[in-house]
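Could you put together the complete structure from these sequences and hints?
Protein chains in written order, with my numbering: chain A, 1 to 310; chain B, 1 to 310; chain C, 1 to 310; chain D, 1 to 310; chain E, 1 to 310; chain F, 1 to 310.
None of these hints come from the bench; they were simulated from the model.
Every value quoted in this text rests on a predicted model; they were computed, and no experiment measured them.
Mixed in with the good hints, there may be bad ones.
In this list, chains with the same sequence are indistinguishable; a pair is considered to hold if it fits within one copy or across any two.
Below are the DSS-like pairs computed for lysine-lysine, each with C-alpha atoms no more than 30 Å apart in a straight line [to be verified]:
1) Lys297 with Lys209
2) Lys242 with Lys53
3) Lys31 with Lys135
4) Lys242 with Lys209
5) Lys135 with Lys297
6) Lys53 with Lys209
Number of protein chains: 6
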Amino acid sequence: MAGSQDFTADPRNANLKVWLNGQLVPKDEAKVSVFDAGFVLGDGVWEGLRQHKGALLFLDAHLDRLYAGAADIALDLGLNRAEMIAALHATLAANDMTHGAHLRLMATRGVKAAVNQDPRNALGAATIVIVAEYKEPSAEIATKGLALATSTIRCTPADMFDMRLNSHSRLPLIRALLDVIPKGGDEALMLDPGGFISSCNATNFFWVKDGEVRTSTGEFCFNGVTRGNVIRLCDANAIPIKLDFFPLRDAHAADEAFVTGTFGGITPVSRIDGHAMPAGLPGPVTQRLRTLYDALKDEQALYAQMRAAP
Amino acid sequence: MAGSQDFTADPRNANLKVWLNGQLVPKDEAKVSVFDAGFVLGDGVWEGLRQHKGALLFLDAHLDRLYAGAADIALDLGLNRAEMIAALHATLAANDMTHGAHLRLMATRGVKAAVNQDPRNALGAATIVIVAEYKEPSAEIATKGLALATSTIRCTPADMFDMRLNSHSRLPLIRALLDVIPKGGDEALMLDPGGFISSCNATNFFWVKDGEVRTSTGEFCFNGVTRGNVIRLCDANAIPIKLDFFPLRDAHAADEAFVTGTFGGITPVSRIDGHAMPAGLPGPVTQRLRTLYDALKDEQALYAQMRAAP
Amino acid sequence: MAGSQDFTADPRNANLKVWLNGQLVPKDEAKVSVFDAGFVLGDGVWEGLRQHKGALLFLDAHLDRLYAGAADIALDLGLNRAEMIAALHATLAANDMTHGAHLRLMATRGVKAAVNQDPRNALGAATIVIVAEYKEPSAEIATKGLALATSTIRCTPADMFDMRLNSHSRLPLIRALLDVIPKGGDEALMLDPGGFISSCNATNFFWVKDGEVRTSTGEFCFNGVTRGNVIRLCDANAIPIKLDFFPLRDAHAADEAFVTGTFGGITPVSRIDGHAMPAGLPGPVTQRLRTLYDALKDEQALYAQMRAAP
Amino acid sequence: MAGSQDFTADPRNANLKVWLNGQLVPKDEAKVSVFDAGFVLGDGVWEGLRQHKGALLFLDAHLDRLYAGAADIALDLGLNRAEMIAALHATLAANDMTHGAHLRLMATRGVKAAVNQDPRNALGAATIVIVAEYKEPSAEIATKGLALATSTIRCTPADMFDMRLNSHSRLPLIRALLDVIPKGGDEALMLDPGGFISSCNATNFFWVKDGEVRTSTGEFCFNGVTRGNVIRLCDANAIPIKLDFFPLRDAHAADEAFVTGTFGGITPVSRIDGHAMPAGLPGPVTQRLRTLYDALKDEQALYAQMRAAP
Amino acid sequence: MAGSQDFTADPRNANLKVWLNGQLVPKDEAKVSVFDAGFVLGDGVWEGLRQHKGALLFLDAHLDRLYAGAADIALDLGLNRAEMIAALHATLAANDMTHGAHLRLMATRGVKAAVNQDPRNALGAATIVIVAEYKEPSAEIATKGLALATSTIRCTPADMFDMRLNSHSRLPLIRALLDVIPKGGDEALMLDPGGFISSCNATNFFWVKDGEVRTSTGEFCFNGVTRGNVIRLCDANAIPIKLDFFPLRDAHAADEAFVTGTFGGITPVSRIDGHAMPAGLPGPVTQRLRTLYDALKDEQALYAQMRAAP
Amino acid sequence: MAGSQDFTADPRNANLKVWLNGQLVPKDEAKVSVFDAGFVLGDGVWEGLRQHKGALLFLDAHLDRLYAGAADIALDLGLNRAEMIAALHATLAANDMTHGAHLRLMATRGVKAAVNQDPRNALGAATIVIVAEYKEPSAEIATKGLALATSTIRCTPADMFDMRLNSHSRLPLIRALLDVIPKGGDEALMLDPGGFISSCNATNFFWVKDGEVRTSTGEFCFNGVTRGNVIRLCDANAIPIKLDFFPLRDAHAADEAFVTGTFGGITPVSRIDGHAMPAGLPGPVTQRLRTLYDALKDEQALYAQMRAAP
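What follows is the structure, encoded as structure tokens:
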């Protein structure tokens, strides 16, 4: 999510240990070669995960996406699913984290013999990095909201670069964000190739009109775990939701709006291209979904505990 | 260029020194933080350069492209043009290189406070890396040629992600290459959004039919320095050349074909989607352009020497 | 379906009689003028039909499509529906066929005064040809499967040439197949104009992921009778099925896949662009659908018998 | 060209002999199997040629296009260039034709073992048919002109079906013509995928505004021999000509217009979608080009004679 | 709806009074400045409404659309919803109308200081015009029907000009109508940017095939109040209805067809591009919907009366 | 041009007379019926013209465009070319204007019997309005420049609504302007359907990079008289100019930029999406073109005087 969010430096993050290819090293020593495929080519996939009351939330969904993404780019992660889960927990344990940590798991094609695009030039194993930090959305974001501005940069279709692949090549999206920063945007709203609303540059986008939640159909936005949860929460709680091809003017006329992501969960939007959201911050439907989502997180944490118990 | 090229490890590359933010460090110590924007986001621009008889070939064109690319992504390189040239020469000097070095200059947005897309979260200066290695295209490539295969992945248009930006986010192109490796492709041929021939995944593509050199118009391919030189060499030497929207079948029926790039210069293509090039390897027009390009390199090197002389 | 299938020459096909404009003539004498609109222009429509236990399967659906197609190209078939059915049965009777025959009914605009595109230059009646042969998919295809490869040739939209028209102008599709034969493809997988999965060159395409059957929405693929039956069988048997715009990478990650057509019914796919289908050949969902489809054929044959009984 | 043209039956065509795979057979006996790839699939390429004062006009251009088209669809014609020329002349000789014959050379993939799309199922050699007839555009067409009407059917792009391939699969174009016949169109004017003027269904389209000849750029129209000649005649005679992407309204506002094709040469257009051409029939530029084209034909015939002389 | 409809001049319309910015003025004096944004720029939004048995039908839906449209173009209407309703009733009262009036409410950006596009140059308040006339569809239209012809002009997508905005800039649509008048069209049928059926130039389009009502999905057609009512009537009365992307040939093969609009309600279509509708005029499904719609109007009028009663 | 320009009210405009259908009426009495096709439908075409030293500049070009536009929408202007010129001069004479007047000539389809789209419902003659005012671009605009911001609204292609038609239906363009006003834009920069730079909402756009003037190819921008003059001035004065498909980032990196229009002539641009133009205001190439354009105006005025002299 965009930079206007105020991340308060947390003193507990002072002596972090980072997982780096099986080692837990101090943050300052967590370094990769300049010949790493991640650095030279953005050739990797990643996951953001949140720790909540001891559990890694929606872990299965995240790992499904990670392994599917790796398979899609023919990247051998080197660790099987159980080993990857162990690595995540080892990282949390090394940092004595039990609640509120935000993790970023990064997997790249590792060091290259020659820094060209050919994946066959990778010298050895994938680079696996796990960073865990205490990081929370600022309290005020729920009442202040994010300002969105629409970029002229459009989302790529799947036959060019599938937005659903959670990759290290983020520059197309950063370009969209750069486009709107001078316009006061915290996050860029992006249109699909046909000119309909599709995604934000780092989160998924929803809005509410006359009680109906609306979002894009999914071909041109992130395959978001939180997005999926919001859609399921709507269905399960009889909140009308419609996935369709909507024009930008539909969002401009919204009653309320929010973006979703693993880090921020459900974050209210204050204005879109200068159009203020009239239903308050957060709006009533947004707030209801936030409450439902909080309950879902607790339920998931409890369920994970029970599953882990002997 | 694709991995089928046989890069012979050169013993002179044993103790390389790499420029890393003003320091010249041994290759094994050339490392960046896992919080570097290049590693986490592919947020950077780069140039490949060749040293030839003491000179850095087409240095102005490369620096023009580098600074234009950095401006396009609002990246402050931290070094002005003279300082950047000095850094390149210092790297060559530290490695005692006077001829035949291949350089990769990489510039990323540096270490991030939070590893999200927001460029305002960069903590400080850009990361500047310069790698210089002895590296030559294998001698046999001129007679063996590259096999191209067309990918179903298409080039992105400029309103999504401009191919002309020489960026660290290479995964869309790597995906295209991954698509053709099982088909025996050394390099992927890619179509533009309208289905016409546009580019290879890491080089620019030309072909020859009835004495006419053909290539794409330039909206959907790399802004290649070598590409520009080839076009100028054709114009200057009365070799017919046409930049247009060509169908794939036009390349399949080519007499000869080649790809261009800073590393390989002009590299012949042996076959495209199984269609062998009937005019030999290299074909006569390809060979003539190679000869002209070799002369241009010598001329440039001489000119650079003269300019540098007191 | 593609040529890799091993059609065993059946000795019962030795003395076939072919329906040609009301006559039943030996196969070798079944000839049309080189001025026939079918030959010079591909100006005609056709149906493939299968005889099963005495009945012509799904005859209504095939005739609906035939007459709709003829109307769409302003082609007067010259025979009404009852007469066409009689012709089909007369052909079968002339060859003493009661089970296992495969029929191809072809209807072109007949002999032209001038061999140009103008339909008003047709001299007289449509050319109606009915070929009936003993022809079965090879037994091993169910375990060996078809290898698909994606063509760079895309399906035409309806405002250019509607894939749903079952026409004699097959060269766009043959071109797609030609594209993949050198890549080891038995059949070409084709994308729609927007780059999503749509069709194979001669069959319709389905795949299975996590128990869900997936296929394209239908705007850019064949209006297949078997396709319709598979969708109905899924709905009737609570097999999850989704018709949507899917990216190619979704098929690459499939558990199993199959193609459908009147001749082959439901034919398993072994690999797609080199990605093997992990769920076996045929996969469990494919096998279940094959079993259901076999039952449907028997049921249809029985029903046809009952309807025909006095 | 469309059916409104009045082809007068010529008594000299009474006892025509047709070339059929090396035999010269009476027209009524010129028949192909219903298993021929041309009949079942439209799987073939063809050329129209005109005999003028003993010579076959622009023979090299036609044969270039024929062999390129055959290569594009992987069709082995079975005859080399010299043999093909001999076949054309043998056909003319068998019919005692020395001037004014119109020839149609058709080459299909021949008889299929199974009538599916797979080219590997062709049993043997290509089917080669040469029809030569005495056929002239009616005298009055030059003063009456053709009425064009724009179809809603658009031209296919090369990544779907290249209009430049002179194929037997003409139904997409016949559909366009069918679309305009009820509107009084003799020939359909067609737009390209982006909505610009591209082609007629069977001829190429030119118009004249303020003395400038205009036509499409060539990506989405026929690779016409006469089209090429008209462009060259304009260039050679300082007649301004512009190939560009023009909107339909530009043609509606034309001073004069004409279509080109091997049979009709340069045929004036009387009206486009009801807009009459104000500059007369033929208009002055059209007439000048007709005169230049007539001279070119004579010159070509003379040159062919000289080349043929001992 | 198109001009072929025979509007009989009604003598009761002789001395109409028109609402003009708060005044009720005789029709001949209802004039606006040539500097009005409506006149110079088409800068305004409008609604058509029908009076039925004392009530303004579907008034809420019309006002919702009006105020949403005004907000979309940043136009301050100057009257709140209650005031606008009062103005409508005042206009009807001034003309002693109680049943059968057709109203057109027009709101433009008012008089401009400079006649350029900048909305900030508007000198003062919006121009509000309400015209009420006795106007009925001719009785014979139900049995004669409208002839549609497809235009080559396509509907604009929402990222260019949203068809759902009921604006005063109607020339793109008038151009489509002009295109088909010479072809005998009463109203133009228009395709969407992808070439599928979307809308008529002034009404929405539906057709019926095998008992199923079909229409476009709504992204590229008018946000019609009557369209919405027809869809709801189908749903409420178990009449199958499908909103999808349909090819033009689907409409050509329709059993019956109709267009919808506030003025004409549900108007049968007699032919589409020369294809006559075989199910009669009106067809049975059309007639059933007309009957249901008549009942809905009565119900609405009764309900409005009851609501208005003390 | 956009509203940020400071039009100083000129006292000489106090008692203007406006041409209204053959009458010269005081400005306040220049009114049209609310049934006028211009007001209800934006159904008309217009021209802006400038008087300079007694002459109407580029009068032929403006009248060519006016009559071509009227023909394109089947609008009979009612006045022939000589009569129209006389009307323009009569308007200037009635206002005693000899230099510096700006004229807007508007022609709509006149009063409608029914206010629907059908042009056949026009009751009588076209409405012709000519407004002449003393109006000059503010002196400071040349040094202050216009701020452009790119709209997400894209230009319409010619098969939807040709930007080259100078129409009264300006709302698509006003929508683009409305989009950028909150971003501080004086004028909206707009992209074409493929995402390349095409036009501003009310002017044409040029920029300068390394001494080369750049602009769009013309398919998706206004057919501007000033645009044509600038292109011709470049050609005539050896100023490099390139018309092509450029990405937005190319304009962001411009040295200088300007817009063209009849009213403002050549107006410098100060910033584009926040990117300031580094070459000053006006930049040197812009200034050179302004000087050349001033000379051209004088030359034209002199030439017009000479032509008018007895």
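So, going through the hints one by one against the coordinates:
1. For the identical chains of this complex, Lys297 and Lys209 are neighbours both inside a copy (26 Å) and across copies (27 Å), given an alpha-carbon limit of 30 Å.
2. Within a single copy, Lys242 and Lys53 get their C-alpha atoms no closer than 32 Å, and across copies no closer than 37 Å, so neither meets the 30 Å cut-off.
3. Both within a single protomer and between protomers do Lys31 and Lys135 lie at most 30 Å apart by alpha-carbon distance, with minima of 21 Å and 26 Å respectively.
4. Taking the shortest Cα distances, Lys242 and Lys209 sit within 30 Å of each other both inside one copy (11 Å) and across copies (24 Å).
5. Taking identical chains as interchangeable, the C-alpha atoms of Lys135 and Lys297 lie at most 30 Å apart only when both belong to the same chain, with a minimum of 16 Å there against 54 Å between chains.
6. Taking identical chains as interchangeable, the C-alpha atoms of Lys53 and Lys209 are never at most 30 Å apart, the minima being 34 Å within one chain and 33 Å between chains.
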